[in-house]
Amino acid sequence: RKEVEQDPGPFNVPEGATVAFNCTYSNSASQSFFWYRQDCRKEPKLLMSVYSSGNEDGRFTAQLNRASQYISLLIRDSKLSDSATYLCAVIPNNAGNMLTFGGGTRLMVKP
Amino acid sequence: DAEITQSPRHKITETGRQVTLACHQTWNHNNMFWYRQDLGHGLRLIHYSYGVQDTNKGEVSDGYSVSRSNTEDLPLTLESAASSQTSVYFCASSKGGGQPQHFGDGTRLSIL
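Order-wise, the sequence lines are chains A and B. For reference, each letter of the first sequence is one residue, going 1 to 111 in our numbering. For reference, each letter of the second sequence is one residue, going 112 to 223 in our numbering.
These are computed hints drawn from the structure, not numbers from a lab. One thing to keep in mind: the hints can contain errors.
Restricting the straight-line Cα-Cα distance to at most 25 Å, the calculated cross-link-like pairs of lysine-lysine (BS3-like) are [stated by the list, open to error]:
1) A:Lys79 to A:Lys2
2) A:Lys79 to A:Lys42
3) A:Lys110 to A:Lys42
4) A:Lys45 to B:Lys122
5) B:Lys122 to A:Lys2
6) B:Lys168 to B:Lys206
7) A:Lys110 to A:Lys79
8) B:Lys122 to A:Lys42
9) A:Lys45 to A:Lys2
10) A:Lys42 to B:Lys206
11) A:Lys79 to A:Lys45
12) A:Lys45 to B:Lys168
13) B:Lys168 to B:Lys122
14) B:Lys122 to A:Lys79
Can you make the complete structure from the sequences, with help from the hints?
In structure tokens, the structure reads:
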């Protein structure tokens, strides 16, 4: 089993739709969680950190479920510009500051 | 504004040549990382450093080396370039303490 797993997609959704991605992690002691956005042939950019209490930034909401060992990203009112690959990343408790990345979920928002 | 920069952005070279990719950050971050990204493999860690004079091997370190002589720079060297090392290379840095990593723009390297 991979340490961090994501459904590769693609998720094809119409503009205005709500879409959610999950990311599972295997190390129950993991402490830090993040969502990154990566556009084609560009660098990953931090979208948001994921806190135990959940957090929201505009149309984006991130949640952490420690019991089931997954994090989620919800995007409301999808825009064409949201089309990208979304990477989840985890810092396992015993890994210093190394991030373990999932393989990414590709989102395509269609007009 | 503080930032992380990589150079060159694109490079084409021949097998057997030594190649060095530069990474420079102005955030004064202790932690720096090098990744490669290939289709079907996602981001794979090559080497990382937690401070000056500290270097560590990552998941795919064979054929690569790094050095950390100051806080700002972590150059990545391909000792004898191979076609299998054709890839996009990303450098990243972080403050530590569970903080996220921030990435440079990447270097697209082609080895013919």
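Taking only the CA atoms, is the gap from Lys168 of chain B to Lys122 of chain B under or equal to 25 Å?
holds, 24 Å
Mind checking the alpha carbons of Lys45 of chain A and Lys122 of chain B for me, to see if they're no more than 25 Å apart?
holds, 23 Å
Tell me if the straight-line CA distance from Lys122 of chain B to Lys2 of chain A falls inside 25 Å.
violated, 33 Å
Pairwise hint evaluation, Lys2 of chain A against Lys79 of chain A, where the allowed Cα distance is 25 Å at most
violated, 31 Å
Taken at face value, is the distance from the CA of Lys42 of chain A to the CA of Lys122 of chain B at most 25 Å?
holds, 16 Å
Hey, Lys45 of chain A versus Lys2 of chain A, does the alpha-carbon distance stay inside 25 Å?
holds, 23 Å
Quickly compare the C-alpha distance for Lys122 of chain B and Lys79 of chain A to 25 Å and report which way the hint goes.
violated, 35 Å
Does Lys206 of chain B lie within 25 Å of Lys168 of chain B when you go C-alpha to C-alpha?
holds, 19 Å
Is the hinted pair Lys79 of chain A and Lys42 of chain A satisfied, with a Cα-Cα distance of at most 25 Å?
It holds: about 19 Å lies between the C-alpha atoms, which stays within 25 Å.
Checking one constraint from the list: CA of Lys42 of chain A to CA of Lys206 of chain B, max 25 Å. Satisfied?
Given that 25 Å is the threshold and the Cα spacing comes to 22 Å, the pair holds.
Has the given pair, Lys110 of chain A with Lys79 of chain A, been kept, meaning a C-alpha gap of at most 25 Å?
Cα-Cα ~8 Å, so holds.
Lys45 of chain A and Lys168 of chain B were given as a pair; does the straight-line alpha-carbon distance stay at or below 25 Å?
The hint holds at about 24 Å.
When each numbered hint is compared with the structure, violations occur for hints 1, 5 and 14.
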